[in-house]
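According to this note's numbering, the sequence shown is numbered sequentially starting from -10.
Because the hints were derived from the structure by calculation, they are not lab data.
As the structure is a computational prediction, the values presented were derived from the model and not from experiment.
Yeah, the Cβ is synthetic: ideal placement off N, Cα and C, and Gly gets one too.
A few of these clues could be false.
[Unchecked claim] What follows is a set of in silico ranges between Cβ atoms, one per label pair, in the way DEER data are often shown:
1. 145 - 117: 24 to 30 Å
2. 332 - 47: 41 to 47 Å
3. 203 - 40: 54 to 60 Å
4. 21 - 169: 26 to 32 Å
5. 273 - 96: 40 to 46 Å
6. 97 - 215: 35 to 41 Å
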Amino acid sequence: MRSATDRLTRAARRRTAEQTRRGGVLVLAAALLVALFAFAAFVVDVGYITLTRAELSKTADGSALAAANELVDAYGTGALVTQAGGAANGRLAAQQVAHANEAGGLQSTVIDTARDVRFGRYLWDGDAGEWTKVWDQQPYNLAEVSLRRDVINDGVPSSSGDGPLDLFFAPVIGSKRAGTSITSTAALLPAVGFKIEANSGLNIGILPIALDVETWTNLIDHNIGDDEFTFNTQTGAVTAGGDGIREVSLYPTGSNLLPPGNRGTVDIGPMNNSTADISRQILYGINQSDLDSLKAQGVELRWDNGPIVLNGDTGLSAGIKDELEAIKGQPRAIPIFSQVSGPGNNAMYTIVKFVGVRIMFVQLTGKPTSKRVVIQPAPMTDPSFVTGTAEIRADTMFGPASLVP
């Protein structure tokens, strides 16, 4: 009897131990499932947040670049719109880019342009050797765009598309939403040279006619000049009557800065350019072949490391009148010279910078005193402009907007 009882007791104990182990396994399995679910929730939701941030970052970059590019027309002596107008155009451009891009599960990205876009100045500090940002100061060449998915109003998540992200699995473990935001900054940097990208087929809008630095400085810094013509920003037409932007003539009547037999044209390309070369450059700009010719002469069209020396040509003549007429109103870069030596084709111009202008009036026939090529300052940007560290002035040309830290 005792042995049978012992056997029954031992069997009962084994069943109890097995049940205990099974119960422990179930508890452990349940705990592991909770941990696994939490990990899955973490992975999925973090992936969702990361993807959303990448989408917001791409859109913020595009919006900031678009906003900054709109500031070009509001900059400088020849500005086509006011600073307020440039900022308004920048906000609109940023909004258009944001609305065209999806993020966080929404087909378009929400941006409050009054809250999320701001402007300022981006200036080179030569002493410190770095760029500095000054917000809310004109004239603007800096734009910042913030895209948000973290807005909560009075304790309630925004329903306008900029509220926190609704998470997928994290609510099971007590986290319903996650907030995130991205900020991008873009600036207009000063042009210090020209370059054509290989195989691009592009030309640079340079007019091969130089103006003396004294006349240009008086125009920009002291507003000395005439105001006879108006440029229509909507149609691109030039008409008689002032528009508030002062003008000077490229034709050097009575100038004592130029030697005999020369009237300001320069060889940007092969030396001793023909009239056909000058006509081509007036109409279509400088091409890669022209730059290659300069390079063979040891000349680089870059002025941040010192002046450029260009060979002079025979000067302005009625032979290029039609070409100059054809580009009236269009922006072009011209060289500004500080000194010139030698007569005619042997003249050598010391070029200190290039500036943006537009031709307003052409008169190259009749008496020398009646000949004029009237220009006014013009804001200018182009993909061929090489940017660098330089002081930004009222006559600065800009490269296309760049993202900055």
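Hints breached by this structure: Hint check: 1, 2, 6 fail, others pass.
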